[in-house]
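Protein chains in written order, with our numbering: chain A, 1245 to 1347; chain B, 5 to 170.
Everything labelled a hint here was simulated from the structure, so no lab data went into it.
It is possible that part of the hints are untrue.
Below, in silico cross-link-like pairs of lysine-lysine (DSS-like), each with a Cα-Cα straight-line distance of 25 angstroms or less [as the list claims (entries may be wrong)]:
(1) B/K159 x A/K1311
(2) B/K113 x A/K1311
(3) B/K159 x B/K113
(4) A/K1324 x B/K153
(5) A/K1282 x A/K1311
(6) A/K1263 x A/K1339
(7) B/K126 x A/K1256
(8) A/K1256 x A/K1327
(9) A/K1263 x A/K1324
(10) B/K113 x A/K1276
(11) A/K1311 x A/K1276
(12) A/K1327 x B/K126
(13) A/K1256 x A/K1311
(14) A/K1327 x A/K1339
(15) A/K1324 x A/K1282
(16) B/K126 x B/K153
(17) A/K1263 x A/K1311
(18) A/K1282 x B/K113
(19) A/K1263 x B/K126
(20) A/K1327 x A/K1263
Each pair of labels, with its calculated beta carbon distance range [to be verified]:
(21) A/K1263 x B/T160: 23 to 31 angstroms
(22) A/K1282 x B/Q140: 18 to 26 angstroms
(23) B/Q162 x A/K1276: 20 to 28 angstroms
(24) B/L78 x A/D1257: 18 to 26 angstroms
(25) B/N75 x A/A1279: 44 to 52 angstroms
(26) A/L1259 x B/S158: 36 to 44 angstroms
(27) A/L1259 x B/I72: 29 to 37 angstroms
Covered stretches of chain A (in silico footprint by chain B; criterion: 3 or more residues with CB under 8 angstroms from a CB of chain B, positions within the stretch not fixed) [unchecked claim]:
(28) 1300-1313
(29) 1323-1332
C-beta: ideal position from N, C-alpha, C; glycine also.
Single-letter residue listing:
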Amino acid sequence: MSEATRIRATAKDGLTEVKMLMQHEMETGQRKDAAGNKIPAWIITDVEVLHEGRTVLEAQFGTAVSKNPYLVFRLIGGVKGEKISVLWTDNRGDKRTDETVID
Amino acid sequence: MFLSAVYGESDLINMERRKAIKAGSGLGLLGVLAVLGLVPGSAWAGVGRAALEAGNLSDAFDALGVSIPENSELITLTLPDVAENGAVVPVTVESSLAHIEQISILVDKNINVLAANFVIPKGVAGFITTRIKIGQTATVVALVKADGKFYRASKTVQVTQGGCSA
Chain A
1245 MSEATRIRAT
1255 AKDGLTEVKM
1265 LMQHEMETGQ
1275 RKDAAGNKIP
1285 AWIITDVEVL
1295 HEGRTVLEAQ
1305 FGTAVSKNPY
1315 LVFRLIGGVK
1325 GEKISVLWTD
1335 NRGDKRTDET
1345 VID
Chain B
5 MFLSAVYGES
15 DLINMERRKA
25 IKAGSGLGLL
35 GVLAVLGLVP
45 GSAWAGVGRA
55 ALEAGNLSDA
65 FDALGVSIPE
75 NSELITLTLP
85 DVAENGAVVP
95 VTVESSLAHI
105 EQISILVDKN
115 INVLAANFVI
125 PKGVAGFITT
135 RIKIGQTATV
145 VALVKADGKF
155 YRASKTVQVT
165 QGGCSA
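Chain B extracted, bound-state conformation (with noise of 0.2 angstroms):
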């Protein structure tokens, strides 16, 4: 309870999941069955909280089961070429990508790199525009989930003040 009061409810699932990480062999099969949605305290419904977690794009990857994406001209990333607020950074995915399932917005250089991840159903247009902190100088990389297949078109944002500390 008290761990609680001081943590906050997710932190502690956090320390918990971080230990399971450490205990077992690595981040793939948690990464796995988080997506899945088996691992306990599923609240988390679309993408597990490891992908949210994830320190790098690769490791992002591997949570939301990606291999290599394929690069796409069916995306649209619209953002800023500098931001000088790295606390509110305008983004806009939009794809003409037949059947999207899922967008997620990715920045490579920030401490967690999955900004946000958004589950598409049918009768759903494929445009999403959010609003995203960016640490400093990076690259965001829009995925896009079309057919069980993922996409990604990416662009490079120069960041004048952070916004990790914002």
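Just chain A, with the same shape it has in the complex (with noise of 0.2 angstroms):
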């Protein structure tokens, strides 16, 4: 089970900004174990983040991503109370939709 996306947005001066971290290995497929055998890559590929149900920021992540994505971006507007939800989806299928409202 993947463990939830912390969100944080604050409206500030006529933009909210938007961070998060995203809870995932982010495992390369380039590293290999002790026994010398690949590790498979098992990464966040897509990222999609919604204001009140409107998509406002869609992400493509390749296997350079940090583990445990961070990613911060500001939106124009937003009001104190609105929803902020953050949906991501791995190469293995697994997804996870996180939510907050805006501070």
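Starting from the two chains in their separate frames, assemble the complex, guided by the hints.
Right, dumping it as structure tokens:
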């Protein structure tokens, strides 16, 4: 089971800054285990962020995004109490959705 | 079923795609199809996986549909001059270009040069911060698509301990 994405959205001066920390190994597929076997890639491939149901960011990750991906972006507008949702999908087909409200 | 248990689905898709690349006349057409979302298994919105698996800048630009991106002073790329730990390098891309549609972060010396791609809809600022892995001293390229055109800014980062095996 995956762990919750930590999200913080703060409205200030007409912008809402959204920070998120996803919990994921982000295994590149380039490493080998002690026995010399390749460790298969296990990465988040797609992220979508919604503001009150409207898509405000879509991301595609390659293998070079660090473990426990961290992401910050800013949307124009946004009012305290409005909902921000973060969805991710990994290459094993696992999905996760977490949400918060703007602060 | 057995294979998908071992490799995970996208690895299988990737293998199919590599076969397709070998069978076809190179990356160009497939890259274009992937970008248009015409490649089967297009749960991959935005850029195609071909772009995310490109092994050098030129292939990645091809897959993203870029010829030669113009340097732009309206893009600010912020990252450390020296990264002691290549596994976690903070990167910020900020741009005041009008009508930004897409921001991509590439690392020229990484095995897969395209680290991440972001689709920026209207109503969202030209600003992204994330953390990436950089395997060795390399040039990081911020690629910004604005009003249908591509622009870039780049910066070299010295890596003392590589991040690709991390």
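Hint check:
1. A C-alpha spacing of about 23 angstroms is found between B/K159 and A/K1311, which places the hinted pair at or below 25 angstroms, so the restraint holds.
2. The hinted pair formed by B/K113 and A/K1311 meets the criterion: a straight-line CA distance of about 19 angstroms does not exceed 25 angstroms.
3. For the given pair, B/K159 sits about 13 angstroms from B/K113 by alpha-carbon distance, which is consistent with the 25 angstroms threshold.
4. Taking the CA atoms of A/K1324 and B/K153, the gap is about 35 angstroms. The hint is violated against a cut of 25 angstroms.
5. Using a Cα cut-off of 25 angstroms, the hinted pair A/K1282 and A/K1311 holds, with the two alpha carbons roughly 18 angstroms apart.
6. Our distance criterion of 25 angstroms between C-alpha atoms is met by A/K1263 and A/K1339, whose separation comes to about 19 angstroms.
7. Under the criterion of a C-alpha separation no larger than 25 angstroms, the hint pairing B/K126 with A/K1256 is consistent with the structure, at around 19 angstroms.
8. Between A/K1256 and A/K1327 the CA atoms are separated by roughly 16 angstroms; this keeps the pair inside 25 angstroms, and the hint holds.
9. Straight-line distance between C-alpha atoms of A/K1263 and A/K1324 comes to about 15 angstroms, which keeps the hinted pair within the 25 angstroms bound.
10. A C-alpha spacing of about 20 angstroms is found between B/K113 and A/K1276, which places the hinted pair at or below 25 angstroms, so the restraint holds.
11. As the CA atoms of A/K1311 and A/K1276 are separated by approximately 17 angstroms, the hinted pair is consistent with the 25 angstroms bound.
12. Using a Cα cut-off of 25 angstroms, the hinted pair A/K1327 and B/K126 holds, with the two alpha carbons roughly 18 angstroms apart.
13. In summary, the hint linking A/K1256 to A/K1311 is not supported, as the alpha carbons are separated by about 29 angstroms, beyond the 25 angstroms threshold.
14. Of the pairs offered as hints, the one joining A/K1327 and A/K1339 holds, with about 19 angstroms between alpha carbons and a cut-off of 25 angstroms not exceeded.
15. Between A/K1324 and A/K1282, the direct Cα distance comes to roughly 47 angstroms. Violation of the 25 angstroms bound is thereby established for this hinted pair.
16. For the hint pairing B/K126 with B/K153, the CA-to-CA distance comes to about 16 angstroms; that is within 25 angstroms, so the pair holds.
17. Straight-line distance between C-alpha atoms of A/K1263 and A/K1311 comes to about 16 angstroms, which keeps the hinted pair within the 25 angstroms bound.
18. A threshold of 25 angstroms between alpha carbons decides the hint, and for A/K1282 with B/K113 the separation of about 21 angstroms falls inside it, so the pair holds.
19. Note on A/K1263 and B/K126: the hinted pairing holds, with a Cα-Cα distance of about 19 angstroms set against a maximum of 25 angstroms.
20. Between A/K1327 and A/K1263, the direct Cα distance comes to roughly 14 angstroms. Compliance with the 25 angstroms bound is thereby established for this hinted pair.
21. Range check, A/K1263 to B/T160: about 27 angstroms between beta-carbon atoms, so the 23 to 31 angstroms window is met.
22. A hinted range of 18 to 26 angstroms holds for the C-beta pair A/K1282 and B/Q140, which are about 20 angstroms apart.
23. Separated by about 26 angstroms at the C-beta atoms, B/Q162 and A/K1276 satisfy the suggested range of 20 to 28 angstroms.
24. Judged by the Cβ atoms, the range 18 to 26 angstroms given for B/L78 and A/D1257 holds: they are separated by roughly 21 angstroms.
25. The supplied range of 44 to 52 angstroms is met by B/N75 and A/A1279, whose beta-carbon atoms lie about 47 angstroms from each other.
26. Under the hint 36 to 44 angstroms, the C-beta atoms of A/L1259 and B/S158, about 27 angstroms apart, miss the expected range.
27. Checked against the given bound of 29 to 37 angstroms, the beta carbons of A/L1259 and B/I72, roughly 33 angstroms apart, stay inside it.
28. Coverage of the segment 1300-1313 of chain A by chain B holds in this model, with 13 residues showing a Cβ closer than 8 angstroms to a Cβ of that chain against a need of three.
29. A stretch counts as covered by a chain when three or more of its residues have a beta carbon under 8 angstroms from one of that chain; for the segment 1323-1332 of chain A and chain B the count is 0, and the coverage is violated.
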